[in-house]
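In this text, residue positions in the sequence shown follow this note's numbering: the first is -12, and each later residue adds one.
Since the hints were derived computationally from the structure, they do not count as laboratory data. Beta carbons: idealized from backbone N, C-alpha and C, even for Gly. Hints may contain errors.
[As the list claims (entries may be wrong)] The calculated EDC-like cross-link candidates involving lysine to aspartate or glutamate, where the alpha carbons are at most 16 Å apart (straight line), are:
1) Lys522 / Asp477
2) Lys69 / Glu34
3) Lys331 / Asp356
[Claimed, not checked] Ranges between beta-carbon positions, derived for each pair:
4) Thr242 / Ser131: 33 to 41 Å
5) Gly219 / Thr240: 43 to 51 Å
6) Cys100 / Ser27: 44 to 52 Å
7) Pro342 / Thr461: 35 to 43 Å
8) Ala(-6) / Val17: 17 to 25 Å
9) Ser288 / Ser357: 25 to 33 Å
10) Ile231 / Pro122: 45 to 53 Å
11) Thr240 / Cys284: 19 to 27 Å
12) Gly503 / Ala307: 47 to 55 Å
13) Thr265 / Asn190: 29 to 37 Å
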Amino acid sequence: YQWSNTAGTISGATNATYTVTAGGTYTVKVTNASNCSATSAGTIITENALPAATISTPATSFCTGGSVTLTASTGTSYKWYKDTAPIGGATNATYTATTAGSYTVEVTNANSCKAISAATTITVTSSQTATITSPANSFCTGGSVVLSANTGTGLTYQWSNTAGTISGATNATYTATAANTYTVTVSNGTCSGISTGKTITVNSLPAATITPSATAFCTGGSVVLSANTGTGLTYQWSNTAGTINGATNATYTATAASNYTLVVTNASNCSATSSPVTITENALPTATINAPASSFCTGGSLVLSANTGNGLTYQWSNTAGTISGATNSTYTATVASTYTVTVKNSNNCSAVSSPITITVTSAITWYQDSDGDGKGDPNVTTTSCTQPTGYVSVAGDLCPGDQAKTDPGNCGCGKTEQSCLDCAGVPNGDAFIDECNICVGGNTGNTACVPTATINGTTTNITVTPQPFQTNTTIKLENAATIQSITIIDGSGALVEQRQNINAAEIKVGESLSAGMYSVIIYTQQGTYTTKIVKF
């Protein structure tokens, strides 16, 4: 056999069969044993082109959890392989690869010619981690919280919330200023990861107000500041100097002038600061008492003077309490006591003066000693706390005007001082016989005399109790007969009272008398006595 084609004899093609590998017209020359040959008619063999078998893909890798679409060149049917193994059911022109591997496709064209593509290797890249951390899941109104994404070399970021992508939020951190659920997309240039949503809430601020009991106080006083109250609230007070240590109650007692503020914190740990409250301290006024002396005589008085100034008011007090109506800057003290004055200024601040004790010195009855014998005239007296010139405190001189006497206490006639009976023929109390037997008024009469009782009634004959007295006093004869009548004469010699038919050993007198010193003449069956009484 000898095979030939359009190009001529095919070298070596001497078998009864020939495998055609190219299109053309083929003949065969057959020679038998007799060396006779015959050439066949030509057979036209047509060579159909193989289909193009290629795979196109947008990427040769994808991120974990992702995929990539493989697309075959055009054909009439397809068969996909992974790692040379056919993929069951993968007979479409495209195939979505979800795992890494070496992919090929067999493409068959309309002539049923088949071609297998070159292998395309698909790899899977691990997905990018995306996480959000934050110091808190909430913040207080007006505040914020910083959200932080995981970091790494070459990473890019995009923050979003429930409203969508946040424009310009492409940093590794994002400051959230509103309540929302936030996510971040982290990309390494190939793969991206979306974080789990981070929900941020906004907590309301508490109210913070201060209510003062007053906006000013007097030195040494205070003002109570009160905060608004509520469940779960805590407090911290401050002033101009800073935080007040330990001032954590709902009220604070301010004892110093300053600007006070209050920080109120609620159960969500949100704090609010109150508006400042200014508290002022008003100075106390000065309160002093000036007095010309610390005592005065009985029946007198002493003017006490407080310090003066604009807008000051006054209230005087003594040991018995507040003195009604004593609201002037001066007060006339008429009784012994300890006095204070409360001075109040225009800011209604008060100060109490140091006490001043005023005493009353009892007045002494002084007797005129015109003859200088050391004893005074019981009929010429004056009352004062100091000794007047020409007066002594001892009475008993019954002849005070007798300049011719030779011994103190004796009259010029040489007789000891004594009280005599009435002149003969002269009514009682109208005239007396002097120590020289001369009846005052020109009459002479009875010259019998009796001893004179002392001024304080200290002889055994007379007692006067009390002496001096305020309401009345009792005159009593100790060793004498009963009292028949009495006559009371004042310091000027005027008759002020007479009592008859007494007939008793003692008598009370003085109820109707004014303050002063009086001479009392006591008449008995045995004689006449005289004494002095003092009413204050």
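A quick look at each hint next to the structure:
no.: 1; hint: Lys522 / Asp477; in the structure: holds, 11 Å
no.: 2; hint: Lys69 / Glu34; in the structure: violated, 30 Å
no.: 3; hint: Lys331 / Asp356; in the structure: violated, 54 Å
no.: 4; hint: Thr242 / Ser131: 33 to 41 Å; in the structure: holds, 39 Å
no.: 5; hint: Gly219 / Thr240: 43 to 51 Å; in the structure: violated, 24 Å
no.: 6; hint: Cys100 / Ser27: 44 to 52 Å; in the structure: violated, 27 Å
no.: 7; hint: Pro342 / Thr461: 35 to 43 Å; in the structure: holds, 39 Å
no.: 8; hint: Ala(-6) / Val17: 17 to 25 Å; in the structure: holds, 20 Å
no.: 9; hint: Ser288 / Ser357: 25 to 33 Å; in the structure: holds, 32 Å
no.: 10; hint: Ile231 / Pro122: 45 to 53 Å; in the structure: violated, 29 Å
no.: 11; hint: Thr240 / Cys284: 19 to 27 Å; in the structure: violated, 51 Å
no.: 12; hint: Gly503 / Ala307: 47 to 55 Å; in the structure: violated, 28 Å
no.: 13; hint: Thr265 / Asn190: 29 to 37 Å; in the structure: holds, 31 Å
Checked against the numbered hints listed earlier, the structure breaks hints 2, 3, 5, 6, 10, 11 and 12; every other hint is satisfied.
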